[in-house]
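Trainee: Listed below, chain by chain, are the residues.
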Amino acid sequence: MKKKSYWIIFISVLTLTSSCRKALKDVNDYFPKIKTVSASIQNDGTVLVEGEIDSEGAAAIEHIGFCCSTSQNPLMLASQITTIVKGTKFSAIYSGFDYDSVYYFRSWATNHYGYSYGNILSLDSIEAYHVYPPCTNTMNTVSEGGGQPLATYTTVGTPVNNIGYWEFAAATYTGPSSVNFSFGSNLTTGIYTTTTNTSPGSGEAHISFNDGFISGTLNSGSSVYVNTIGSGIYDISICSAPWQYNSSTFYFNTRLTVHG
Amino acid sequence: MRPFLKITFFILFGSNIALGQISVRLFNYRPTGDLGFVMKPLFSAEIGYQQSFDGSRIRGGFSLTYLHMKPRMDVFPVTGLLTDGNGTRVLPGEQSFQKYNLGQLFADMDFAFVKQKNFNVFMGGGIIIGAASVEYKANVPPVIVETYQGGGILGGLRFRLGTEYLVNDNIGISFTANRNIFLVADPAGIFWANDYGIGMRYSFD
Chain A
50 MKKKSYWIIF ISVLTLTSSC RKALKDVNDY FPKIKTVSAS IQNDGTVLVE GEIDSEGAAA
110 IEHIGFCCST SQNPLMLASQ ITTIVKGTKF SAIYSGFDYD SVYYFRSWAT NHYGYSYGNI
170 LSLDSIEAYH VYPPCTNTMN TVSEGGGQPL ATYTTVGTPV NNIGYWEFAA ATYTGPSSVN
230 FSFGSNLTTG IYTTTTNTSP GSGEAHISFN DGFISGTLNS GSSVYVNTIG SGIYDISICS
290 APWQYNSSTF YFNTRLTVHG
Chain B
837 MRPFLKITFF ILFGSNIALG QISVRLFNYR PTGDLGFVMK PLFSAEIGYQ QSFDGSRIRG
897 GFSLTYLHMK PRMDVFPVTG LLTDGNGTRV LPGEQSFQKY NLGQLFADMD FAFVKQKNFN
957 VFMGGGIIIG AASVEYKANV PPVIVETYQG GGILGGLRFR LGTEYLVNDN IGISFTANRN
1017 IFLVADPAGI FWANDYGIGM RYSFD
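Sequence lines, in order, name chains A and B.
Numbering-wise (this note's numbering), the first sequence opens with residue 50 and increments by one.
Numbering-wise (this note's numbering), the second sequence opens with residue 837 and increments by one.
By construction, these hints were calculated from the structure, which means they are not laboratory data.
Glycine included, each C-beta is placed from N, C-alpha and C at the ideal position.
Careful, some of the hints might be misleading.
Said to hold, decoys possible - Here are the simulated DSBU-like cross-link-like pairs (lysine-lysine), alpha carbons at most 35 Å apart as the crow flies: (1) A:K82 to B:K876; (2) B:K876 to B:K953; (3) B:K935 to A:K71; (4) B:K973 to A:K74; (5) B:K951 to A:K71; (6) B:K951 to A:K82.
What the hints assert, rightly or not - A few chain A positions that, by computed beta-carbon distances, are all more than 10 Å from chain B: (7) L73; (8) A107; (9) A177; (10) Y300.
Next comes chain B alone, as it looks inside the complex (with noise of 0.2 Å):
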């Protein structure tokens, strides 16, 4: 079994599952900065473990999403440089990709400033961990002619924003906005990205 179904399956049957808090978020994730140059915004969800406000303005959780990107065009229009005898030339290429997915895990711990009875505003934060599974072709002769298969780990983190309304003692619904960064080892970057949306938490006490 892979690593990143081992933590799935841990997060979501190990012993948090003890405490009885499931939760699902279904969002739109919007990458920023050159990310959002390169892919579409889409929607995922994240599913996994989240404690409740119960008795305390501090909880934590744990959870996991798959994205499945898409680029924008289907090639993109890239140049490189060439110096030689004949001096320097700008050289026209291109660049498609074929796949872009990225796995993530979070721990996150959020902070309740609002908390009332059945409302509460939040903001937390935590970290990302996962891979990313790249494939594309970059082709500008003769200074880069490529083709990469292949993908890298994943660390980051990411801050949010958060409301949730409990409608009863064992359901709360919220909506959250996160704001990631996260770098992805190879091929190597730092990418941006926002994410909104509509979560459920379910308490099976």
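Only chain A is shown next, with the shape it has when bound in the complex (with noise of 0.2 Å):
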């Protein structure tokens, strides 16, 4: 009879006390408990922004990221980036910023409670870093090589996104009749490479012009220096930048300011 007692017992206890978890006292603590580490300027022009978990609530984590506004307080679907934890950190990278603009950035995490918030932080003047082209040409001119004459830039036509590619052309009355620029993403700082595919991706740049009966096309994989150095205007070099004409090689050189 004692040894059934016990069994009973243990039984009872058993099944009051398991089976399900005690509320927490503070119910904040259900919640994912996260905070806003760093936002920091890239070379590139781009922020990346770094999170960590301090704890995932009562319950795993389901969704996590951030948000940025230039509003002082960004809420989670404001330029929402999702991204994934890598031990108890989590990071993502926001670009075309507005450089006359003030930034706010912030970590939510989501569970199977509910969601927060961590810190916000904030950015101003977010620029890339100048890059600085191993030659300096005087500004807006250009020689297509071959011993033509340097020549003066008469006109410099404004970028205008064609369906995916930033596009604009110059035009000299002394040397070539029209350069035509044509980006695969939006000017801005950071050195684009040279293809000769008339459909630039990302970073990439499709440099031709036209001379009278001479037509050219910079080679692939020459380097494009593109410099911020206003809100939306662009400081462009290109050094010796190879292109073929009949069997022969020739070198390109420019430098302009683009006005976006």
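Since each chain sits alone in its own frame, please combine them into the complex, following the hints.
Mentor: Shown next, in the form of structure tokens:
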């Protein structure tokens, strides 16, 4: 009888104490606790935002990410980026900033019970670090090489977004009648790579020109240096970029300022 | 008269009263699990009929209670997912409870595994039936915009451990800990709760 009683007590205690989690004292402990650790400008003008999980809350984290806005209190849907967790850290990269605006970054995370935000970090005057071309061409000039004289641009077009390509043309009286620039992504500070493909990808540029009966396209693999020198103003340099005419190789140099 | 009140009336003043055993219990109700996340602990009372262990290790009883629950937050942060041509986004939203009340009836059986002249230690179990009355608002635009008013029947089980001290032939004082599990039909959910209380059983005999 005594043995039976012990079993009964054991089963009863087990029933009374198991099966379900006791309610947490502080309701906020159910939600994830996270912090926005840093928001740092990268060389290419993007912003790397990093966060850290202090606590998952009362359930595993389901979604985690960042939001970003020019509003001082960015909410989850504002430029939302969802990301993955590595250990306790998570990160995302934002791009496409207006130099004149202040941007606010905030982390967020969700679990079975709901969601919570991390702290807010702000950055202003976001721009890429300048890139330095290996030559110093005279501003607003172009030389297609082969002993042709240096020509000055008389007109420089405004870049337009032509279904994914940022394109503009520049012209001279004494040199190329038109130099056509086509970038595969928004103009921003950075080094683009030339391609002969008329549909350049992100980070690529297709540069071609006409000079009388001569037309040329810069070979693939040369660098196009773009610096943002003001809001929507870009300084573009190309140093000794090879191009082919018949079986000869010539070297193209230019520097110009573009107003976007 | 509502069925709930009819049953209450039957329990308190029906045939069982002839047996002359009435019990009152004050308890602290502590929701656990998801219900414990949403609702605060509360104090309430349970009243009913309960037999004594006189001459037997087994006794039965009926009782009822009403739980007027209060949410732990005015507004709970909730989320939804939206997948469309722009990809999948996590949507922030909120949910608030205006009402969450439970009426519960219990039918229990206890077994006294320690039975002495003035002191019993017992374990038991029983069934729970009742109804929930619920009102809430959920807003996760554009995927959820909902105002709910209603409720549904509930059913479940409870298990308990308790002690009873017999003050005299008519009065017994008890301490009981219950583990409750019940399923609410609408809004649907399975919920858990513990309660701890002090009760008094009075015999008119």
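Trainee: Of all the hints given earlier, name the ones this structure violates by number, lowest first.
Mentor: Violated: hints 2, 6, 7, 8.
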